[in-house]
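S.K.: Listed below, chain by chain, are the residues.
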Amino acid sequence: MQFLYSGLTSGSIYGLVALGFNIIYNTTGLINFAQGEFVMLGGMLIYSLFCVFEVPFYTALPLTLLGCFIIGVLYERVFINLARYKTEINLVTLTIAASIIMRDVAMHIWGRDSLRVDDYIPVVNVQMPGGVISSQSILIIAVSMLVAWGLNMFLKKSKYGKAMRACFDDQTAAETCGINVRSVRIMSFAVSSAMAGIAGVIISPITFVTYDDGIMIGLKGFAAAILGGLGNFWAAVAGGLLLGIFESFSASVIPSGYKDAMAFFVILLILFLKPDGLFGRKKATRV
Amino acid sequence: MLDINNIGVSFGGVHALSKVTFTMPDKGISALIGPNGAGKTTLFNVITGFVTPKEGTVKFSGEDITGSRSEQVFLKGISRTFQNLNIIPELTLRENMYLGFIGKEKPSALATMMRFNRGYWKETTKRINDCLDFVNVTEYADMTPGSVPYGVLKNFELGRAFMSSPKLLLLDEPAAGLNLAEKENLAGMVRKIQSMGICILMVEHDMQFISSLADFVVCLNFGQVIAAGTYAQVRENKDVLKAYLGDEDA
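Order-wise, the sequence lines are chains A and B.
The first sequence lines up with residues 1 to 287 when you count with our numbering.
The second sequence lines up with residues 1001 to 1250 when you count with our numbering.
Hints are supplied without guarantee of correctness; some may be wrong.
[Claimed, not checked] Result set (DSSO-like, lysine-lysine): computed pairs, CA atoms no more than 27 Å apart in a straight line:
{"no.": "1", "chain 1": "A", "residue 1": "K156", "chain 2": "B", "residue 2": "K1122"}
{"no.": "2", "chain 1": "A", "residue 1": "K156", "chain 2": "B", "residue 2": "K1054"}
{"no.": "3", "chain 1": "A", "residue 1": "K86", "chain 2": "B", "residue 2": "K1054"}
{"no.": "4", "chain 1": "A", "residue 1": "K157", "chain 2": "B", "residue 2": "K1054"}
[What the hints assert, rightly or not] Per the computed footprint, the stretches of chain A lying under chain B, defined by three or more beta-carbons under 8 Å from a beta-carbon of chain B, are:
{"no.": "5", "region": "160-167"}
{"no.": "6", "region": "179-188"}
I should point out that these hints are in silico values taken from the structure, not numbers from a laboratory.
It should be emphasised that the depicted structure is a prediction, and the values quoted were computed from it without experimental measurement.
Ideal placement from N, C-alpha and C gives every residue a C-beta, glycine not left out.
Construct the entire structure; sequences and hints are all you get.
M.R.: What follows is the structure, given as structure tokens:
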């Protein structure tokens, strides 16, 4: 059971990152490989505000998310919008380039060392059946689920959510209905960056934050999105949780040095056996 | 209502439209006819901002809208349907119908998400239901387009375009693929829309359909206007006959 609890904690974070991948994929059809860098950015910003400048947490949190949101807008305007030929391969290459630039800039600002972010809540171990779970882990799981639920509501119920879905499914129809596709695209990058920022904020006290954290967490989030099925929000959350649990249990049977390789093993397995993901739906096409 | 002045569009070396000029009347139903490849849909795409002309202007109610983006054209009061259906496959017809409204409405995301603004939702839901009912698709409202017959979807697209209360409605081959009963039903709906004061410009190949509806007809051939006037005038025009039937000397 202990493996299950730790798997659920890391899986919640992978789920949040996978949700960020899904938002951008659902509106632009693009995989943003700089998603992990926004998680790192969330951690770095909360470290600077909360630990260095000693801004109260309830002010530091919205400022961090706002920072990620604004950087997300700038990211879209600079890296995506300025691309002359917006082919998928060009844009994906640009996201990889952007992730490297963000990582290097972070290294120059915050240095190479791991930075410790103070706990937001008192650390207490809660006794559960078959093991213990820390209050921080409970916070991570609760926040992730709350964000996933909120995002689901936003996309299904709000007019912006419907506009986002419309842009992905049929850009021409969306434009004909008066939807500003450009604004929706910017908004999707901004929301997805803020979501990655939330992930960065809530894991920092447990994992600490280092300038190159984004690579691994980004790739694992991507693996979770693939596992669940790209394009489906609850599937991304489920994919994240399954990946976290799988990773955690695998550490009990094989050397823990191989733990990170599990995410990529999962990607390969899914691509070989079920390319649409565990919960992905095949699109029906009228002929 | 709509002034098309000297519009020219080229795709590579192909002149899709050349010096197209006509003025659409302020009221009633107008039709754009011509053989396949005449440039009718291209002209629709120019009017609705999907194609930017290399020359000429499009004026709508006196305002130059040449080169405006599609969503801006929509906000000025021009809605359209497509020759090939453009309905969001992942959304139900009811949700798709809401999209026809969404661009013009400005409630906050939070209000629409949490349903705080009950008055707005009550009014919007009524309008969606009225539009679904108007185009006879109520029984399919909660289905996605993939499981709905083609004729129903054609009607639906008309309803979605009508949903935004446009001043001008562009219909691209609305009767294509419909059987006789469906065409008669469609003609009734088009007349009803026109009676509400909405101008209609349609591209259509079915001459019987056009003769029963259109007050003003423009004929295009090889990207140029070859005739304009009432249906009877255009039908008698020698260039139009030649375009449709071929040259007797050939």
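S.K.: Quick check: which numbered hints come out false for this structure?
M.R.: Violated hints (numbers, rising): 2, 4; every other hint is consistent with the structure.
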